[in-house]
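Trainee: Based on these hints, arrange chain B on the given structure of chain A.
Sequences listed follow chains A and B, in order. Mapped onto the working numbering, the consecutive letters of the first sequence carry residue numbers 1 to 423. Mapped onto the working numbering, the consecutive letters of the second sequence carry residue numbers 1 to 423.
Keep in mind that a hint or two might mislead.
Which copy is meant is left open, because identical chains are indistinguishable; a pair holds if it fits in one copy or across any two.
[Claimed, not checked] Here are the simulated lysine-lysine pairs, BS3-like style, with alpha carbons at most 30 Å apart:
#, residue 1, residue 2
1, Lys50, Lys419
2, Lys7, Lys419
3, Lys51, Lys420
4, Lys51, Lys419
5, Lys403, Lys7
6, Lys420, Lys50
7, Lys396, Lys232
8, Lys7, Lys283
9, Lys87, Lys156
10, Lys51, Lys401
11, Lys50, Lys401
12, Lys50, Lys403
Source of the hints: derived by calculation from the structure; they are not laboratory data.
Number of protein chains: 2
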Amino acid sequence: MERILVKNILCNGVPKDILIEGNIISRIENNIDMSDFEGEGLLKLIDGTKKAVIPGLINMHTHSAMTLMRGVNEDSQLQEWLAMIWKIEPRLDEEMIYWGTKLACLEMLKTGTTCFNDQYWMIDTAVKAIAEMGLRSLNPYVILDLHDKEKAANLKVECEKIFKLSQNWSDLNRFAIAIHAPYSVSAESMKWASNFAREHNLLVHMHLSETQQENIDSINQHGMTPVRYCEKLGILGPEMIAAHCVWIDDEDIKILADNDVKLVHNVNSNLKLASGYNFKYKKFHDAGLTVCLGTDGCASSNNLDMLEAMKTTALLQKGINYDPAAMPLDQLMDCATANGAKALGLNTGKIEVGALADLCIIDIDSYAFTPNINFLANLIYSANSSCVETVICNGKIIMEKRKVATEAEILENVNRLYKKLIN
Amino acid sequence: MERILVKNILCNGVPKDILIEGNIISRIENNIDMSDFEGEGLLKLIDGTKKAVIPGLINMHTHSAMTLMRGVNEDSQLQEWLAMIWKIEPRLDEEMIYWGTKLACLEMLKTGTTCFNDQYWMIDTAVKAIAEMGLRSLNPYVILDLHDKEKAANLKVECEKIFKLSQNWSDLNRFAIAIHAPYSVSAESMKWASNFAREHNLLVHMHLSETQQENIDSINQHGMTPVRYCEKLGILGPEMIAAHCVWIDDEDIKILADNDVKLVHNVNSNLKLASGYNFKYKKFHDAGLTVCLGTDGCASSNNLDMLEAMKTTALLQKGINYDPAAMPLDQLMDCATANGAKALGLNTGKIEVGALADLCIIDIDSYAFTPNINFLANLIYSANSSCVETVICNGKIIMEKRKVATEAEILENVNRLYKKLIN
Chain A
1 MERILVKNIL CNGVPKDILI EGNIISRIEN NIDMSDFEGE GLLKLIDGTK
51 KAVIPGLINM HTHSAMTLMR GVNEDSQLQE WLAMIWKIEP RLDEEMIYWG
101 TKLACLEMLK TGTTCFNDQY WMIDTAVKAI AEMGLRSLNP YVILDLHDKE
151 KAANLKVECE KIFKLSQNWS DLNRFAIAIH APYSVSAESM KWASNFAREH
201 NLLVHMHLSE TQQENIDSIN QHGMTPVRYC EKLGILGPEM IAAHCVWIDD
251 EDIKILADND VKLVHNVNSN LKLASGYNFK YKKFHDAGLT VCLGTDGCAS
301 SNNLDMLEAM KTTALLQKGI NYDPAAMPLD QLMDCATANG AKALGLNTGK
351 IEVGALADLC IIDIDSYAFT PNINFLANLI YSANSSCVET VICNGKIIME
401 KRKVATEAEI LENVNRLYKK LIN
Chain B
1 MERILVKNIL CNGVPKDILI EGNIISRIEN NIDMSDFEGE GLLKLIDGTK
51 KAVIPGLINM HTHSAMTLMR GVNEDSQLQE WLAMIWKIEP RLDEEMIYWG
101 TKLACLEMLK TGTTCFNDQY WMIDTAVKAI AEMGLRSLNP YVILDLHDKE
151 KAANLKVECE KIFKLSQNWS DLNRFAIAIH APYSVSAESM KWASNFAREH
201 NLLVHMHLSE TQQENIDSIN QHGMTPVRYC EKLGILGPEM IAAHCVWIDD
251 EDIKILADND VKLVHNVNSN LKLASGYNFK YKKFHDAGLT VCLGTDGCAS
301 SNNLDMLEAM KTTALLQKGI NYDPAAMPLD QLMDCATANG AKALGLNTGK
351 IEVGALADLC IIDIDSYAFT PNINFLANLI YSANSSCVET VICNGKIIME
401 KRKVATEAEI LENVNRLYKK LIN
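Next up, chain A with everything else stripped away, as it sits in the complex:
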């Protein structure tokens, strides 16, 4: 069994030794004696002096291969932006998905994310890239029929095919179902997708109430909000992970809470695309809802940096609610770690004995952590993600001292491929 021993690292403000055995955090103690492991095989030692440990961050909504479109259309209206994306996306091939996904994984490692929910196309290829990079992921197959019956029929066949392929994926990468959005998928396909997921015990991901227009259209078409429409179709439940949820009223909140739907706030994307800024965090939290954070894809919000997402989330909640005590640091940290783990049903998102060994080692020997009166405040409000020094996922070191073995190769391939995409 492989072992990693991290000596003398700040863990919740106290210096500790942390032992990882296999893919599990097996001991957290004041002093773990290295001689305990004599003759017991490989022991990798990490000096944690002037470092702190945090759980690997969990990005609960992104479209990773869209890193290839980073900065493709800036400062333009939503329709113009969408037109550009729709022009580009059909040009994506498997090679682009592979390298675009690798670029996303590289960026996530550099910014402290060990686990993500990746909704995009060609998921079997994406999973190959993610597995090679060593991250944990959810990879939903996207149902997007645009109310076209032939397309819907083909999607079902394809979905079942990829589901079978997914049996060969590693334990780190899990298949799921995505219903693109209530406006872009027929009621029949939504119900089919939901049933398929329940039958096979799969999670379901969906864009929900992202824009005001979506709500207006839903009320015009169905006489009710998107949340109530989804409830009527019977597709809401604890397996549902709903992204955005910016246009939500009190009755919607009750429905979401009654169905234990998990919510994902994508603050930078919502602000940058001007979809809506009033994510009702406190009401959701008070209703007992599990709130997670996501970055969305790089075509809309340019990076996959969860520390930035955390900072913007907190600043906006404090600002728009005229309450500097809104969104306290511990809740913010939960949104980016434990809550995502809960939504995914994984024993991760925390530094605890018995939890999966998904963690980041933070370099605190810098101006950003000086003075270090409040570590979480420094991490989220003062530092940036360059403080992430080493990343361990599932017990494996996948970034050490900011080095990722395949970095140059990834940048080179993306620089070769993106021109084909945008020209």
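Mentor: Showing chain B alone in chain A's frame:
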């Protein structure tokens, strides 16, 4: 004369060679031949391959020694936060101001700022620290009499004394006057300060309309908004640099524009302290007002990172105005560079022949700039300030490849001193 030649660097999207002679950018050309300078003394050569150049950023509102209080009071209401700051501040001594200011300068270098407006106490000591670090600054002497006549009299004497001392400061660090705020300074002292500044051709800095309460109190006390009250006192003019300006109506905007007052938006501080989120950028810009950006001090918004301030500013403007085209990249860049230079009356904030050589070299060989379809979008929305590799201020290299000579010494001294401050 000292010369720096930067070869083959991206300058506004095109590879150029840039020559710095003394403290001035003297040539920007496709190919500057090194043999031109044979036998002409020192020529420092910088390879600009896979790098880009931007003007040094200008932070137009901060309180630099407050880096010592980074994270001292989080997630609490404004009154509790203020009580903590007021408890701590009287403990500040010259040694703390010196090292706190150095820590701020270190952070500004690491995040690409070459020039800042620093409103705090013991400014002669602060300027000593800033001069040693090599940054450009405005250092206003703060008039804050709390409507106490004896205090007011003492401040005037002290102000004149420091003004005389400031004659010995280097050209990079300029004396100015700060009127703390219209609510905290007597009308008589405000008028005295304004006259003193006009007499000696000095800039004036002031907190203005930061909170709704300030506006309510002003209307109750003076029958008018703080802006109208300042106009009535005759203290508004092109020399006035007003920080915050969050609670401003249309009539105020007209007055500010008529008087060519320069505005400083401090987005992170305004959000984090919940002072107000609706900075009316578009209205200010349309009225012809010069809008600059600032970070405020680290006690309120935790860091001095102007790239972060730019990003949050743009996201918030787009989000709250439901307009993804609000705050375009070029205007955002101006707010953080050229507009600050204009407010300070300095020929900097731009990469142009004849301008002061204040610039940052950005490393674009990273995931954050891949692909590099839109450099400014990558700089502001995708990267973080760790992309700032080398900083040149007034023709001197003051950070090279992220190394600042005195870094370890600064961190060590701050770690020794801050405990005296908070215990």
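Trainee: Take the hints in turn and mark each one as holding or not.
Mentor: A quick look at each hint next to the structure:
{"no.": "1", "hint": "Lys50 - Lys419", "in the structure": "between (43 Å within a copy, 18 Å between copies)"}
{"no.": "2", "hint": "Lys7 - Lys419", "in the structure": "between (46 Å within a copy, 26 Å between copies)"}
{"no.": "3", "hint": "Lys51 - Lys420", "in the structure": "between (42 Å within a copy, 24 Å between copies)"}
{"no.": "4", "hint": "Lys51 - Lys419", "in the structure": "between (40 Å within a copy, 20 Å between copies)"}
{"no.": "5", "hint": "Lys403 - Lys7", "in the structure": "both (21 Å within a copy, 28 Å between copies)"}
{"no.": "6", "hint": "Lys420 - Lys50", "in the structure": "between (45 Å within a copy, 21 Å between copies)"}
{"no.": "7", "hint": "Lys396 - Lys232", "in the structure": "neither (44 Å within a copy, 68 Å between copies)"}
{"no.": "8", "hint": "Lys7 - Lys283", "in the structure": "neither (41 Å within a copy, 55 Å between copies)"}
{"no.": "9", "hint": "Lys87 - Lys156", "in the structure": "within (25 Å within a copy, 66 Å between copies)"}
{"no.": "10", "hint": "Lys51 - Lys401", "in the structure": "both (12 Å within a copy, 23 Å between copies)"}
{"no.": "11", "hint": "Lys50 - Lys401", "in the structure": "both (14 Å within a copy, 22 Å between copies)"}
{"no.": "12", "hint": "Lys50 - Lys403", "in the structure": "both (19 Å within a copy, 19 Å between copies)"}
Consistency note: the structure conflicts with the earlier hints numbered 7 and 8.
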